[in-house]
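In order, the protein sequence lines correspond to chains A and B.
Numbered per the working numbering, the first sequence spans residues 1 to 246.
Numbered per the working numbering, the second sequence spans residues 1 to 290.
Do not take every clue at face value.
Claimed, not checked - Facing chain A, a subset of chain B residues (Cβ under 8 Å, in silico):
1) V115
2) L157
3) L159
4) I166
5) C168
6) D170
7) P171
8) F173
9) R175
10) R224
11) T225
12) L226
13) Y282
14) R285
It is worth saying that the hints were derived from the structure and are not from the lab.
Model, not experiment: these values are computed from the prediction.
C-beta: ideal position from N, C-alpha, C; glycine also.
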Amino acid sequence: MTSPAISLENLTVTYNRHPAVHHVSGALARGSLTAIAGPNGAGKSTLLRAIMGELKPAEGSIRRSVPSRDYGYLPQAADINRRFPVSVMDIVVTGAWKRVGAFGGIGRAERQKASEALVAVGLEGFEARPIGSLSAGQFQRTLFARLLLQDASVIILDEPFTAIDSRTTQDLIDIVLRWHGEGRTVVAVLHDHEQVRAHFPQTLLIARELIGWGPTEEVMTAQNLKQARALAERWDETAPVCEVPA
Amino acid sequence: MSAYDLLIAPFMDYGFMRRALVACLCLALGAAPIGTFLSMRRMSLMGDALSHAVLPGAAIGYLVAGSLSLTAMGIGGLIAGLSVALLAGVVSRMTVLQEDASFASFYLISLAVGVLIVSLRGSNIDLLHVLFGTILAIDNDALMLIGTITSLTLVALALLYRPLVIDCFDPGFLRAVGGRGPLIHALFMLMVVLNLVASFQALGTLMAVGLMMLPAAIAQLWARTLPAMLAISVVTAFVSGYAGLIASYHLELASGPTIIVAAAIIYVVSLVAAPSGLMSRYIRRPHLAN
Chain A
1 MTSPAISLEN
11 LTVTYNRHPA
21 VHHVSGALAR
31 GSLTAIAGPN
41 GAGKSTLLRA
51 IMGELKPAEG
61 SIRRSVPSRD
71 YGYLPQAADI
81 NRRFPVSVMD
91 IVVTGAWKRV
101 GAFGGIGRAE
111 RQKASEALVA
121 VGLEGFEARP
131 IGSLSAGQFQ
141 RTLFARLLLQ
151 DASVIILDEP
161 FTAIDSRTTQ
171 DLIDIVLRWH
181 GEGRTVVAVL
191 HDHEQVRAHF
201 PQTLLIAREL
211 IGWGPTEEVM
221 TAQNLKQARA
231 LAERWDETAP
241 VCEVPA
Chain B
1 MSAYDLLIAP
11 FMDYGFMRRA
21 LVACLCLALG
31 AAPIGTFLSM
41 RRMSLMGDAL
51 SHAVLPGAAI
61 GYLVAGSLSL
71 TAMGIGGLIA
81 GLSVALLAGV
91 VSRMTVLQED
101 ASFASFYLIS
111 LAVGVLIVSL
121 RGSNIDLLHV
131 LFGTILAIDN
141 DALMLIGTIT
151 SLTLVALALL
161 YRPLVIDCFD
171 PGFLRAVGGR
181 GPLIHALFML
191 MVVLNLVASF
201 QALGTLMAVG
211 LMMLPAAIAQ
221 LWARTLPAML
231 AISVVTAFVS
241 GYAGLIASYH
251 LELASGPTII
261 VAAAIIYVVS
271 LVAAPSGLMS
281 RYIRRPHLAN
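With the rest of the complex left out, here is chain B:
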């Protein structure tokens, strides 16, 4: 088997592999930087909660469209995700519950309701698809949706970059200079939900955050400046997507989980080998003179 057969041929021969690869590229460009900002804002688990919140809306979209229509499920998921983000925000402002506690409650409710709705009508196969994604079944419409979300995300990040960064490390300053922190936060959450909807199409509700949070964690282990982190997160997300697709093709594995496992392998290697990783603790280097 030549290198061409191994690394390139699957994408030349099959349209679904090409579409899956483009989807991975889109997710890498959009979701990975969003994930980096999420973890910089110490909201990693919030992303996880929101990804489950997308499920009931997607399930209703699935019921209405009658089949696994990714567009109907995407719109439903968007509405559900935004509602939960809003509700959790409202609950944390109106009651004693902190935002993470209200998120945890809402995502459990969403997950339960979503699975119930899918099982009401669909088969176990459909349920599996919803939970773990169907990256190889992405059609042109779904690809358009994902691509649109990625484009919106990149434009929004470019426009909001400065207030978003300030809001991450010094929200009090942004408030004092009248920088509309709450608006920035709301727009950021909108981007999170949009990217989760895109990611949901490919990786399913249980692993939608995979290409968001794992590359973000890897980037933080290697880089010391924010631009470098964002770049590393994009590259590792795309490499994971590509490697996962190739491996799942040749080894006949489920592609979504294989992509996440590919990212996980990079993560574990980074944990050990990165400058701030485990290895640096056991290799003693002489201290500097000044």
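Just chain A, with the same shape it has in the complex:
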């Protein structure tokens, strides 16, 4: 058994000392395809941001077995200025950062790869289109093309299919499955339980506390989901200091 891609040990991440992710332990196996499920406010995005190193753990630790440049990260509603005057091609080739860095030239080979990535996401011929003219679905396809170019060994997607029509969602799920087939580790936050059951072998169900983490059919039970809903809604302004031993 190889070492896991990412392992969490008693991880707690807080906002204003209130835990958003509370004492979570476990490991993401290399090459696994994992859905992160849970109600709104369950700490799903927080967990991903902690894994990406954007948030510091209040307690516990995260061990990552690959260097951070080998991560591909698609944040929720990516904070991208859509009015910035760049083209689809400009966005996609930024995915070559790992290979060209800040100063390296972007040669014909990278542009060729970028064009192929655009074909793969169904945006053939969109190279010169300004990003401001894209629909939400086309823009998400563009970001997936960039992820393809990044060639990352760990891919982290935060609600990648929100506000996207079913046709686009299906195309993008196919790309996720292709990544899985190539042996990459993929983690995605999803709200649609049907998508989770249909495509994701592993599930991490969280409601600030870890409810379950393992094979999807064992985790996504009616009882677990009910428990998750109840836990996520709990918020105590005057909560005492947590005494759970490390």
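Starting from the known structure of chain A, arrange chain B on it as the hints suggest.
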């Protein structure tokens, strides 16, 4: 009066006009692209605030040198501008104040302190020079300073172009791939302050951002790609500088404000006539089939 007398002779006859024109060229090449990036980062007003922040340092330089020594004022202005940029950044990270709020506070303080320092020692004429610039009094030393700043800016822009552009439209991506966004931002702010110091020499503290922000706004009205915007901003800044100098020479107007007014005229024309301007709203063109 021939075209030669009108358009070229002032620069042939007078050294100060030539130096002023070269200064305008430098500012156009350096400050205008920086201004375009500033407004792309939605920091237009930050540039304005920083330009006032340069004042107290320049005023202290003026006190120390005892006269309107542009070099002493330039060094003082550089230190003051960088300090305010740093302080505003620190305050916004350590307190609840957003960066724009802390900038607004610091520039008011700087402007007040600067004017006080100048009036402590100098005459009202000196104060006018500090506030509105002395582009016709630029000597060779000051020109060297401005030229050096422009050269540094162009080299830095060439080196930082890719991370700077990514940091403008997708800072989260730059963070995720380890692209040192904060360092890029700091270097960019350094370039902003350097160009404000250069611009301060020519246009004074109140209008130093003029050749930075007006050409940037004009460029955004006309162009749809970033390289075109940068090119248009440089050209309009230089045309404004040239036209302003010519007009101020023949009409005996103050040259700094005339340059800014020239840029303002181009801006107003662009507002109306540019593809995304006002006129396009009132001229109905038939929609396309697909």
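Right, here's what the structure says about each hint:
Violation of the interface hint for B:V115 is found here, the shortest Cβ-Cβ separation to chain A being roughly 37 Å, above the 8 Å cut-off. Taking 8 Å as the C-beta cut-off, the interface hint given for B:L157 is violated, the closest approach to chain A being about 13 Å. Evaluation of the B:L159 hint against chain A yields a held restraint, the C-beta minimum of about 7 Å falling below 8 Å. For B:I166, the interface hint holds, the least distance from its beta-carbon to any beta-carbon of chain A being 6 Å, beneath 8 Å.
Look at B:C168: its Cβ gets to within about 6 Å of chain A, closer than 8 Å, so that hint holds up. Restraint check, B:D170 versus chain A: the minimum CB separation of about 5 Å is within 8 Å; hint holds. For B:P171, the interface hint holds, since its Cβ comes within 8 Å of a Cβ in chain A; the closest pair sits about 7 Å apart. Checking B:F173 against chain A by beta carbon gives a least distance of about 7 Å; that is within 8 Å, so the hint holds.
Using the Cβ-Cβ criterion of 8 Å, the hint placing B:R175 at the interface with chain A is satisfied: the shortest such distance is roughly 7 Å. Among the interface hints, the one on B:R224 holds; its C-beta lies about 6 Å from the nearest C-beta in chain A, closer than the 8 Å criterion. Among the interface hints, the one on B:T225 holds; its C-beta lies about 5 Å from the nearest C-beta in chain A, closer than the 8 Å criterion. For B:L226, the interface hint holds, the least distance from its beta-carbon to any beta-carbon of chain A being 5 Å, beneath 8 Å.
The interface hint given for B:Y282 is broken, as the beta carbon of that residue sits about 23 Å from the closest beta carbon of chain A, more than 8 Å. The restraint placing B:R285 at the interface with chain A is violated, with a minimum CB-CB distance near 18 Å, outside the 8 Å limit.
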